[in-house]
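Position chain Z against the provided structure of chain G, taking the given hints into account.
Number of protein chains: 2
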Amino acid sequence: MTLSVATPNAPLDAAFVQPDEAEFSTWLGEHLQRIEAALERFVVPQAPADLQGLVQAMQYAVLGGGKRLRGLLVLAAQQAVVSEAGPLGASAQEAAIRAASAVELIHAYSLVHDDMPCMDNDVLRRGKPTVHVQFGEARALLAGDAMQALAFELLTQEQGSALPDSDHAGVPVDTAAPVVPPIVQARLCRLLAQASGPAGMAGGQAIDLDHVGKSMTQQQLQRMHELKTGALLKGSVLMGAYCLPGVAPQTIAALAEYGQALGLAFQVVDDILDATADSATLGKTAGKDEADNKPTYVSTMGVEAARQFARQLQQQACAALANSGLPHERCMALHGLANLVINRSY
Amino acid sequence: MTLSVATPNAPLDAAFVQPDEAEFSTWLGEHLQRIEAALERFVVPQAPADLQGLVQAMQYAVLGGGKRLRGLLVLAAQQAVVSEAGPLGASAQEAAIRAASAVELIHAYSLVHDDMPCMDNDVLRRGKPTVHVQFGEARALLAGDAMQALAFELLTQEQGSALPDSDHAGVPVDTAAPVVPPIVQARLCRLLAQASGPAGMAGGQAIDLDHVGKSMTQQQLQRMHELKTGALLKGSVLMGAYCLPGVAPQTIAALAEYGQALGLAFQVVDDILDATADSATLGKTAGKDEADNKPTYVSTMGVEAARQFARQLQQQACAALANSGLPHERCMALHGLANLVINRSY
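These protein sequence lines map, in sequence, to chains G and Z. Per this note's numbering, the very first residue in the first sequence carries number 1; after that it's consecutive. Per this note's numbering, the very first residue in the second sequence carries number 1; after that it's consecutive.
Honestly, the hints are just simulated from the structure, not real lab data. There may be inaccurate statements among the hints.
Since the list gives no way to pick out one identical chain from another, each pair is judged satisfied if it fits inside one copy or across any two copies.
Quick list of in silico lysine to any residue cross-link-like pairs, SDA-like style, CA-CA up to 20 Å [claimed, not checked]: (1) LYS214 / GLN52; (2) LYS128 / THR281; (3) LYS214 / GLY136; (4) LYS214 / ASP50; (5) LYS294 / GLY53.
Computed from a predicted structure; not experimentally measured.
Chain G with its partners taken away, still in its complex shape (with noise of 0.2 Å):
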């Protein structure tokens, strides 16, 4: 799978703020590599044999897949705020590998639960058969749960204590790894878990649910996906941005902002190609939301100006990265996401 910017299906040509292609692409590159490299050494490579059934499906609902936008954004985010080497950078480095690894696994146990036939019911996920297709309902409900649980796991380190976690079959403790401080690892919980609890991604899962069949204002449909999808977007490039301690006020906020806008784009975008895409090329079953009649952007307010408003969001993310304070040549990636969440084709 390529994820550089490539011609889109339905081009939205927005190039509000153009990042140089060559080198975004090189550092996607990189860093999708990074966040797969580290996925495969946090999902319990080597779980004790009566633990495999579980770890496989877990390992194939997350691992070789996915756009890993919420991972990107992590380290974007915290590549914005820290450039310095050394002890510093180390920490915040680990920090924001683990919030990627979490953020994706958390967005993968929500679709492997998302796609369970008493929700959306669906049977082809990122090309493939869905967790439940392939390992069976109770296994795909309980390896659900055990990614959200995990997702917390690696947001914390042993900190040197007299916990026998030594037969522990879960993460390997790795006691090369740099230290991340203690208030840093409790921010990243208490973001991810606002993100994505009822106040977040299952709460707006839950709207959703409630409307199917039924029409929605555009308020409320944008309350909704702020929920759903925006949440842990936007959390994902705050818990970037938390990755080190003591970041001014004003950077955070501008960063929320930043991720506010994009978690939206990123939704319109979304209900655009579900509407003009095909199901291989989106590698999940197109015109679900028309025929499932579901309220969209693009059932609200038409496709054409659904992509204007896509645009609009976009150039409001950038300006937001532009009166962060933040030096232009930091925010190279968080731009370059942004494009991309606006030129994506699936």
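Okay, now just chain Z, sitting in the frame of chain G:
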């Protein structure tokens, strides 16, 4: 519902260390009330209108019922390691009530998912219709997911960050509450994640699933239960012990041993009750294990040997407390809870 050490249905008379019954009974009543009040405060009492549907299912699942054994273990262990008043005591108490609520949320979510048609397909829990019967499967799934996230949110607190949190619809920010040190917050998150993830509760459930209709050695059975129920029970004890930073390693190790033995004892008694009590007493369907052809301590060793094994485990738990170096009077509640686990009738 009374939870005093009343005449059990099938008395196990294991009075190895019998705490003062009246003193423990008072402690129990007070602390059950504290947990109920905390859960009412934490489980999103002021959710916005569009989240009411989800939040009602969460509240239905966790409020007003249950033995609260896990929450009580947190509070009892915290009190065993710190008796001081003052800021240190207040912070440890705040950590403990949050941890007690968090473990109850995790336990409750696991029951919601476990009762679903694709898992145990049960319709009765705590004497009421199960969550999916009452609210539908999709909402039950989401409510469980949201409860897990909320558990981790409870374990963390705002730390005067610039994060715009005031519009957050989750746990209200209580600026008057004592601040738990970040190192404690991070440790509690780690312990809870480990206890409930692939190498804990979720892993145990997966092993259980793999062995329906198959025979198991006693060793395999024990390993399954150590994960499925033991990990969260032991985790609750450890979380209580870690509510204060700097507790001596040998104290932690002793409490871990207590938690390990108590966790296993709980499961052995569970198997005995499933085989010998009726549904009305249990508040859930009795005789499920045999009907589902599941291996249990009763099917493996018979009722009498299982009773004796439970008593041995209680003795082991009490011996660990005696060797912990903690003053006997501070372990009153832990002794009482071990006694309760063995002599419970549901």
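We went through each hint and held it up to the structure:
no., hint, result
1, LYS214 / GLN52, "between (42 Å within a copy, 17 Å between copies)"
2, LYS128 / THR281, "within (13 Å within a copy, 47 Å between copies)"
3, LYS214 / GLY136, "between (31 Å within a copy, 18 Å between copies)"
4, LYS214 / ASP50, "between (45 Å within a copy, 14 Å between copies)"
5, LYS294 / GLY53, "between (35 Å within a copy, 18 Å between copies)"
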